[in-house]
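Visitor: Work out the full structure: start from the sequences and follow the hints.
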Amino acid sequence: MPREAMLAQTLVQLADTLVADFDVVELLTLLADRCVEVLDVGAAGLMLVAPEGDLRVMASSSDAMHVLELFEIQAQEGPCLDAFRSGQPVVNQNLASTNGRWPQFAPEALAAGFRSVHALPMRLRGTVIGALNLFHIEAGEMRAADVEAAQAFADVATIAILQHRASTEAQVLNDQLNHALNSRIVIEQAKGMVAERADLSMEDAFAALRNHARRNNLRLADVANDVIGGRLSAATLLAPPSPRS
Amino acid sequence: MPGERRLRILSRLVAIEGSEPDTARLCQLCADVTEMSGAGIMLMSGDVPRGSVCTTNDVSALIEQLQYDLGEGPCVDAYNEDRPVLEPDLAHPHALRWLAFAQPAIAAGVRAVFGFPLQVGSVRLGALNLYRDRTGALSDEQHADALAVADVVAQAVLVLQANAPEGQLAAELEATGNFQYVVHQASGMIAAQLDVTLAQAMIRLRAHAFGNGRPLVEVAGDVVGRRLRLGAGPDWDVDT
Chain G
1 MPREAMLAQT LVQLADTLVA DFDVVELLTL LADRCVEVLD VGAAGLMLVA PEGDLRVMAS
61 SSDAMHVLEL FEIQAQEGPC LDAFRSGQPV VNQNLASTNG RWPQFAPEAL AAGFRSVHAL
121 PMRLRGTVIG ALNLFHIEAG EMRAADVEAA QAFADVATIA ILQHRASTEA QVLNDQLNHA
181 LNSRIVIEQA KGMVAERADL SMEDAFAALR NHARRNNLRL ADVANDVIGG RLSAATLLAP
241 PSPRS
Chain F
1 MPGERRLRIL SRLVAIEGSE PDTARLCQLC ADVTEMSGAG IMLMSGDVPR GSVCTTNDVS
61 ALIEQLQYDL GEGPCVDAYN EDRPVLEPDL AHPHALRWLA FAQPAIAAGV RAVFGFPLQV
121 GSVRLGALNL YRDRTGALSD EQHADALAVA DVVAQAVLVL QANAPEGQLA AELEATGNFQ
181 YVVHQASGMI AAQLDVTLAQ AMIRLRAHAF GNGRPLVEVA GDVVGRRLRL GAGPDWDVDT
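Same order as they appear, the protein sequences are chains G and F. Numbering-wise, the first sequence is residues 1 to 245 according to our numbering. Numbering-wise, the second sequence is residues 1 to 240 according to our numbering.
Errors might be hidden in some of the hints.
Claimed, not checked - Which bits of chain F does chain G cover? Going by a derived footprint, with three or more residues having C-beta under 8 Å, they are:
| no. | region |
| --- | --- |
| 1 | 38-52 |
| 2 | 114-123 |
| 3 | 156-162 |
| 4 | 188-200 |
Stated by the list, open to error - Here are the computed distance ranges between Cβ atoms for each label pair:
| no. | chain 1 | residue 1 | chain 2 | residue 2 | range |
| --- | --- | --- | --- | --- | --- |
| 5 | F | Ala100 | G | Ala235 | 40 to 46 Å |
| 6 | F | Ile203 | G | Ala198 | 21 to 27 Å |
| 7 | F | Glu218 | G | Gly230 | 25 to 31 Å |
| 8 | G | Ser233 | F | Glu81 | 43 to 49 Å |
| 9 | G | Asp204 | F | Arg227 | 14 to 20 Å |
| 10 | F | Val14 | G | Gln163 | 23 to 29 Å |
| 11 | G | Ile159 | F | Ile106 | 42 to 48 Å |
| 12 | F | Ile203 | G | Arg125 | 48 to 54 Å |
| 13 | G | Val25 | F | Ile203 | 42 to 48 Å |
Think of the hints as simulated: they come from the structure by calculation, not from any bench. Each residue gets a CB set at the ideal place from its N, CA and C atoms; glycine is no exception.
Guide: What follows is the structure in structure tokens.
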């Protein structure tokens, strides 16, 4: 398949995964694998910033220990960290002549068999969330078209992740909203049951539920749930508190 | 551009003066931006209406109440089908739909009605309904504005709830909301009276309301006020 066709197909495939619920790690792993195929690199990986602020490896084209270590080390130093901090691409770095820029990373990368390294920032407007890391077995410059393609991959991944985060946050908030509504409904139902069984007004029924909750250090919604579940009778609810020894 | 449209709507929201609760302003904004007679914001989950966040007037309130009672209408369809539902001529629809909803809505003066899903990403919260007292389709501009304002509303509802204490509905949502609490109180009473489940009690309540052509909330009020008691046999009024 011609390279341009592979590139286009990869972007379509990536866009496709964004439609439904998708797994971020799965998407990033797909992207890393595609980088190796389409951009003809020896290894590729993606690092994302964790809530604590440090970079963590999220996906790698290779499970080999010596490759994974190359990502992990970049939490402290390396092209990913530089691209992440600056928001700028770090490309065509000849590992044999980094002049002590990455004293730990460069020798390890060379030992792992790589000659050059690149990192493309994952950014959207002002936000940088990580970096795409590419390793070449040969020294030499990456073609400008390849750098552009790599950045396009990084951009798609960034949009996917930010959308996924927003969607997850919305899901959590909507769950809270529904939970709050459900709790309230259960309380109203319990009020109705207690009002009927003990021949009370809604206000007095509510007071009985609330007092029982306070006396026993329970949540009102849990007391209400026990009432409608038949585990707590109106008689028990209204019984005067037994003196404790 | 969608971004510009959204910005224009947000600036209008901020510009609305007065001491009304946020949600009331939000509802009014929906009607104003789209140049409709009224608007309402309905929360749904599990395919059923859960309550109303706000409505701009009595007709909008009725549109929401009917959907809550009957389980059909533009919001229910917009939510379930996950797309805008447009009925430019409620009295003479393309295809027959909303057989129970349409007649009382028309009687209240609704001529055209539109439902837009409220969603953030893949999360669906409910639906926005817009109505007009004369027939006619939405212009492209109105349609685009409705989509943008629905987006703003969905975000706003989640942001309001985000500040609420755990397990409680945000005070802003309670302020203008109608979550049919009396219906749930009545269900609880009926469940105790007839020794049936809450789901069965709710069905009995709905059946009585529908069978007598009365709003659910009114029947529930009678049960809670002990003016109506649903019997094991035919229902009977307490006073007669």
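Visitor: Compare the structure with each hint and give your call.
Guide: Going down the list of hints, with the structure as the test:
1. Counting residues of the region 38-52 of chain F whose C-beta lies closer than 8 Å to any C-beta of chain G gives 4; at least three are required, and the coverage claim holds.
2. Taking a C-beta to C-beta cut-off of 8 Å, the region 114-123 of chain F contributes 4 residues in contact with chain G, enough for the three needed, and the coverage statement holds.
3. Residues of the region 156-162 of chain F lying with their CB closer than 8 Å to a CB of chain G number 4, which satisfies the three-residue condition for coverage.
4. Restraint check on the region 188-200 of chain F versus chain G: 7 residues with Cβ-Cβ distances below 8 Å, three needed, restraint holds.
5. A beta carbon spacing of about 42 Å between F:Ala100 and G:Ala235 agrees with the range 40 to 46 Å that was offered as a hint.
6. The hinted window of 21 to 27 Å between F:Ile203 and G:Ala198 holds, with their beta carbons roughly 25 Å apart.
7. Restraint check, F:Glu218 to G:Gly230: a C-beta distance of roughly 29 Å satisfies the suggested window 25 to 31 Å.
8. Separated by about 44 Å at the C-beta atoms, G:Ser233 and F:Glu81 satisfy the suggested range of 43 to 49 Å.
9. Hint check: G:Asp204 to F:Arg227, Cβ distance near 19 Å, so the stated range 14 to 20 Å holds.
10. Taking 23 to 29 Å as the suggested C-beta distance range, the pair F:Val14 and G:Gln163 conforms, at roughly 26 Å.
11. Distance hint check for G:Ile159 and F:Ile106: the Cβ-Cβ separation is about 45 Å, which falls inside the suggested range of 42 to 48 Å.
12. The hint said 48 to 54 Å for the Cβ distance between F:Ile203 and G:Arg125, and at roughly 52 Å that hint holds.
13. Taking 42 to 48 Å as the suggested C-beta distance range, the pair G:Val25 and F:Ile203 conforms, at roughly 45 Å.
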